[in-house]
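Asker: This is what each chain is made of:
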Amino acid sequence: MRIKPRFLFGGALIVAAIAYLIVIGIRSTSEYYLTVDEAAARQTELMGQSIRVAGRVKAGTIEWDPTKLKLSFTIVPPPQDGAAVQPVSMRPAQEIRVVCTGEPKPDMFAAGRDVIVEGHLTAHNFVTADQVMTSCPSKYQAKKAG
Amino acid sequence: MTLIGQLALALGLLLAVYSIGANIYGLRRRSGEVLASARHALWAMTAMVALAACGLWTGLLRSDFSLEYVASYSSTTLPTVYKITALWGGQQGSLLFWTLLLSIFSAIVAFQTRERNSEIAPYVLIVMAAVAVFFLAMLNFVTRPFDAMIPVPAQGTDLNPLLQNYWMAIHPPSLYTGYVSTTVPFAFATAALMTGRLDDGWIRSTRRWALFSWFFLTLGNMFGARWAYEVLGWGGYWAWDPVENAAFMPWLVMTAYLHSVMVQERKDMLKVWNLALIGLAFALTLFGTFITRSGVISSVHSFTQSGLGPYFLTFLLVVVVAYTGLLLSRIKDLRSPAELESYLSREAAFLFNNLVLVGIAFAVFWGTVFPVISEAVRGVKITVGPPFFNKVNGPLALALIFLMGVGPLIAWRRATRKNLVQSFTAPAVVGIVTGLLAYAFGIRGWYVLTGFSLAAFVLGTIVVEFERGVLARGRMVHERPPRALVNLVAKNNRRYGGYIVHLGVVLAFVAIIGSSFFKTEVKQSVKPGQSFAVGPYRLVYLGLASFETAHLENLSARVNVTRDGRSLEVIEPAKLFFKRQQQPATRVAIRSTLAADLYVVLAGVDDKTGMATFDVFLTPLVSWLWLGGLTMALGTVVTMWPNAHEREVIAAAARRRMGELERQLAAEVRGT
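For the protein sequence lines, the chains are D and V, in the order given. Counting from 25, one number per residue, gives the positions in the first sequence under the numbering used here. Counting from 118, one number per residue, gives the positions in the second sequence under the numbering used here.
Careful: at least some of the hints might be erroneous.
To be verified - Covered stretches of chain V (in silico footprint by chain D; criterion: 3 or more residues with CB under 8 Å from a CB of chain D, positions within the stretch not fixed): (1) 128–135; (2) 366–376; (3) 453–465; (4) 546–552; (5) 570–580.
Said to hold, decoys possible - Which chain V residues stay away from chain D? Per the calculated CB distances, all over 10 Å, these: (6) A167; (7) G350; (8) T500; (9) G502; (10) P512; (11) L513; (12) A543.
If you're looking for bench data, these hints aren't it; they were derived computationally from the structure. Virtual Cβ for every residue (Gly too), placed ideally from N, Cα, C.
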């Protein structure tokens, strides 16, 4: 099919419109996706910005107030796969305290689970979260019984 | 069981490889017998894969924990129906299920083409067998469903509680069926490119397969949305998660394809585009599996990195490169003599609808892979969430709905002023009046108003079309309206089935607007006996009730839903606790009406005081989404139904064939 220039123009216009929407969309809605270490290391520049942080819920740090729907907990970097021996002299592992109010506690939420926290860095090592997402409803790979 | 299963999969792989070899050899030697043997090998392969699947099912049903898969995804207390669905609850099983579907489809194609399409059939079967070889190789060497568990545990870990839901029983099979069946049109397209038979034969031969695939992709997406809505307890049904996007993209591309093939059938245009679209649709199904299996993109459904990723990526690249190469090598023969004549034509409307659909698919793709790209380019992982997808796709959806109204009514080639006025005056008036009425009733927001107007406009075009058809039948064959309507649809089922699908899209679109823009949420902690208001309802918390089975503990809150002082019903949102997995799960209570859904989540319970915290959503029009989905499915069935004309063609072909056979027989009898 030969396409006359005036139709090419129309098609190009649509393609350009879509590209424009994508560029604007990305600019206005993107947020940093960070690990606990990265977020902790770049606090000053990230303060107040909307971010997502991925980490593992530290055991013994969970507080849940069911009447206020207030969930607070601490996330730490998940242990590296395959690194059985951690380097000794490194600085202590980074930790971030998370408080999320007004959302029900996700069913899969528990100590040791990997979570993604969406919100803002509001104080040193402290995230006020809008949403806490837990990993993996479907295709959830059972841990090898060992 | 282990041995039988592994043996069956190994034999299946050998048979698939043999089938490819035999097809190639048979083509070289022009030997019908060898080609028949290749076909039989595919059937045997299907039998082997079915045997393997039955083996795994047997293991699940008998709670045979010597199989690692059964030990990981089942338990003795799991209800039987979920033991069956556990086949696709884990990775190895879902790949096996995928392969089972692929084998069954290959077997059907091999059967259908034993007499028809005999020139391209061997090529089609080579492609299908090649895909099967990949999946069987995965099952044999990479992710093995029949690995043994040593030592054998007394109890299994159980299926994830979130998957213990009836939508989970039907969502994955629908989606997989939709995914896998794109292989058939893809294989025919590839065969057309290999043989150089580039007319629309491959499209005609696979029209039903493409519709079949679309039907299941539609249902699969809808069931998935329904599952998320009922189970996850956040009041929504779609979150633009990578896994959802992976299921949505093939649907978009297949939708584009189903429209653009009509242009080729009618006008002999868009040949390259159609071949490209079907290749893209197939590649997207592989891509979907790749992103969900590789852990490259973190998803809320985050997947364990399973080592499958690199294999899928390699296979995907091979498919894309080979197919693109094949397409480019034929590009000269794919020139179409026809050309676009006017913006105001059905061709143009279809072309633009295709651009928009593919544009949406691309935006979804870009948003999904953006974290990976940004990390590679800028060294920082940047994600985009639902706001991005809504922002980009919102306006594109409006354009799409508009074109959906225009496309079916505008004339081919070049619309005259008369055609435009006749077709669109009434619908345009309906659309504008609807928008004004909505404004008068206090609805604000340009998107909502435009959306409702366009929905009414499309509805108007559909009504106009049905009315025209019914009146025409009244004039020509003197039928009264109800009968005329039935006959109209029965005799032109492709066309009117399409309109029914469009009606479903309108319903779904209105549901999406209603539920996205007018949703209200109330969070409230109450003691037994206390009540609180949600929209027009007042919810009275009566108290807690609990029971326990071998499998789970159930703690539910009894809530009386009242309206204007009248008690409507007692609902019981609940928290379940699955004993085997030591995990809680939410049971949402939904009171669904056409106007709005009342969606009640028991968010928290204070054991000491009996105080319960509820998270309640009032979501207008959301039930129209499921209605819309079912309407789309119904319309697709109508479109696929063989009509009288087609039956006549098939019967004629059969008669011709019988005649031929009789002549042959007569000739042989004379010869002896």
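Asker: Does each hint hold? Answer for all of them.
Answerer: Here's how the hints hold up against the structure:
With 0 residues having a Cβ less than 8 Å from any Cβ of chain D, the stretch 128–135 of chain V misses the three-residue criterion, and the hint is violated. Counting residues of the stretch 366–376 of chain V whose CB falls under 8 Å from any CB of chain D gives 0; the rule of at least 3 is not met. With 6 residues bearing a CB less than 8 Å from a CB of chain D, the stretch 453–465 of chain V meets the requirement of three and the coverage assertion stands. Check result for the stretch 546–552 of chain V against chain D: violated, 0 residues qualifying (beta carbon to beta carbon below 8 Å, three or more required).
Interface restraint, the stretch 570–580 of chain V with chain D: violated (0 residues with C-beta to C-beta distance below 8 Å; minimum three). For A167/V, the shortest C-beta to C-beta distance to chain D comes to about 23 Å, beyond the 10 Å cut-off, and the non-interface label holds. Not every beta carbon of chain D lies more than 10 Å from that of G350/V, the smallest distance being close to 7 Å; the non-interface claim is violated. A beta-carbon of chain D comes within 10 Å of the beta-carbon of T500/V; the shortest separation is about 4 Å.
A Cβ of chain D approaches the Cβ of G502/V within 10 Å, the least distance being about 7 Å, so the stated non-interface status is violated. Here P512/V does not stay apart from chain D, with its beta-carbon only about 6 Å from theirs, under the 10 Å limit. Not every beta carbon of chain D lies more than 10 Å from that of L513/V, the smallest distance being close to 7 Å; the non-interface claim is violated. With a minimum CB-CB distance of about 27 Å to chain D, A543/V clears the 10 Å threshold, and the non-interface call stands.
Of the numbered hints given earlier, the model fails hints 1, 2, 4, 5, 7, 8, 9, 10 and 11; all others are met.
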